[in-house]
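There are 2 protein chains.
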Amino acid sequence: MNSPQSTDAITNVRIAIVGLGLIGGSFGAALKQNGYTGHISALVRTDAAAAKATASGYVDHASTDAQSVVSDADVVLLAVPMLAMRAQLELVKPFLKPDCVVTDAGSVKGPFVEDARTVLKDMSNVVPGHPIAGREKSGIDAVDAALYQGKRVLLTPLGITLPSAVELVTRLWQQCGAVVESLAVDHHDRVLASTSHLPHALAFALVDTLTSGQQHEEIFRYAAGGFSDFTRIASGDAVMWRDIFLTNKTAVCDALDTFNLHLAELRDAIESEDGDKLETVFKRAKQSRDEHFQSAISTTTTAKN
Amino acid sequence: MNSPQSTDAITNVRIAIVGLGLIGGSFGAALKQNGYTGHISALVRTDAAAAKATASGYVDHASTDAQSVVSDADVVLLAVPMLAMRAQLELVKPFLKPDCVVTDAGSVKGPFVEDARTVLKDMSNVVPGHPIAGREKSGIDAVDAALYQGKRVLLTPLGITLPSAVELVTRLWQQCGAVVESLAVDHHDRVLASTSHLPHALAFALVDTLTSGQQHEEIFRYAAGGFSDFTRIASGDAVMWRDIFLTNKTAVCDALDTFNLHLAELRDAIESEDGDKLETVFKRAKQSRDEHFQSAISTTTTAKN
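Sequences listed follow chains A and E, in order.
Under our numbering, the first residue of the first sequence is numbered 1173, with each subsequent residue one higher.
Under our numbering, the first residue of the second sequence is numbered 1173, with each subsequent residue one higher.
I should point out that these hints are in silico values taken from the structure, not numbers from a laboratory.
Wrong hints could be hidden among the right ones.
Repeated chains share a single entry, so a pair holds when one copy, or any two copies, can fit it.
Stated by the list, open to error - Restricting the straight-line Cα-Cα distance to at most 30 Å, the calculated cross-link-like pairs of lysine-lysine (BS3-like) are:
#  : residue 1 : residue 2
1  : Lys1224   : Lys1204
2  : Lys1455   : Lys1323
3  : Lys1449   : Lys1269
4  : Lys1323   : Lys1309
5  : Lys1309   : Lys1224
6  : Lys1224   : Lys1293
7  : Lys1449   : Lys1421
8  : Lys1204   : Lys1421
9  : Lys1265   : Lys1449
10 : Lys1224   : Lys1455
11 : Lys1204   : Lys1455
12 : Lys1309   : Lys1293
13 : Lys1323   : Lys1224
14 : Lys1309   : Lys1455
15 : Lys1293   : Lys1449
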């Protein structure tokens, strides 16, 4: 189920962003840069953050007071770590307009649906979402109005979700330059466990392995270029990633177990000097990666045109 | 033991390159671009490759005939996959001048030393070397005169190696823009097993895992940006990597075993929902990576000035 890629600018909805880090801040910055002229407010944790947020120009109003931020909002985007979602929902709920659309940017969709159902009860205006865009830098200082350009945003609406709510969230992300697609909640969490959470687990474990070694200074010193690319994702925000692993643990552990079988096979082939097996696996991996990323690049280019 | 970083151009030595792929071709291209005006010949496998090599301008002469390539050479660089080294040494040996310096660009140094000792006997003019520079593209079409700019080249001379031979190879790599360092053979192979071979094994195993899954089309479709970086190294040349794993198998298996212990710990922390442990590991990994690559960047910048 893919939503139509509308390009009409949305200017008349009032937006509230809960959590103004890389993801929330870049959402505001992208909208403002791409012709959105409506009002954006942001809920932040400290007065200092509020002052910084307002000065940044990404939002029109920022405050630590939930009521002042969300009471006029037509749509609220929650952009906080997964385990902070429920408390933030509880914080804003008393002040939400009855037909306010609630969406989020969390990396795991099942737990957000559960949190929203528990806190909000009525799910008809809830549109769970996940922008597949990130950086190794986090926080408002890393905000980039181009972060979502050509990137996918996955929405996981429920059967009960109003089409109008999905349409509104879709159009906002499109106005950020993103390509919006929809898929089922569980499906999303299983696929992302493989494509995102598993690679992050490997990168974290690799850096941890090398850092724990006796000679880690020189290990980093003699690291090859690929190592830097490979471990970049180990510089992701620790709390955000802690929460992702904790909230998607079953799918992540399944993905790790499958990976371990393949890694054990590879190790066996090395130890038994099975050159044919190694060459076959490496050729297949190269071919698969080259093919898929070639087509991924084409898709992105097409989407931008 | 670090060699002095001389910047005097070398123009009067005759060079032979055995194997004109990314590594060998970029060596020739870098020398020609950086003021080297001497003669470079290349040993290739087919007449078509010889014609292409000569037309490229990276070398002055290319041929499938070993005698015509190496008989006048003052220095020979072997740039072929690890398991092809011995046969190439045997091929060129009859035609080498008595004082010809022999060096290589292989990723594992122990087996090259063994091959050279077996074939050449006298090791006084043998300088094992390893440029830490690579790309996911291979072959002569991927040649880049800037490939070695600011990159490290590790030499692993033996006690018997003549200082003049080390000095010559050092100056050639410096003229390619590289920073040259020396370390012991075994030490090199253990360190690189961790910093390069292990990450490649993980990337190959990850792509293999995802490619083997039932839904691999959409797994690649929803891959995040970090995934592309993470798996780039799985596009390395299959034969080159087969040979690296086979020739450095003990150190690679040790590195894999250590990694597996850390990955198992991480999986346990996820399964038991040990958030504190996860956050600690992730913060340590981020801090370590950020620190080391910051200093690595500084080193590179300094080296370029």
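Indices of hints not satisfied (ascending): 3, 6, 8, 9, 11, 12 and 15
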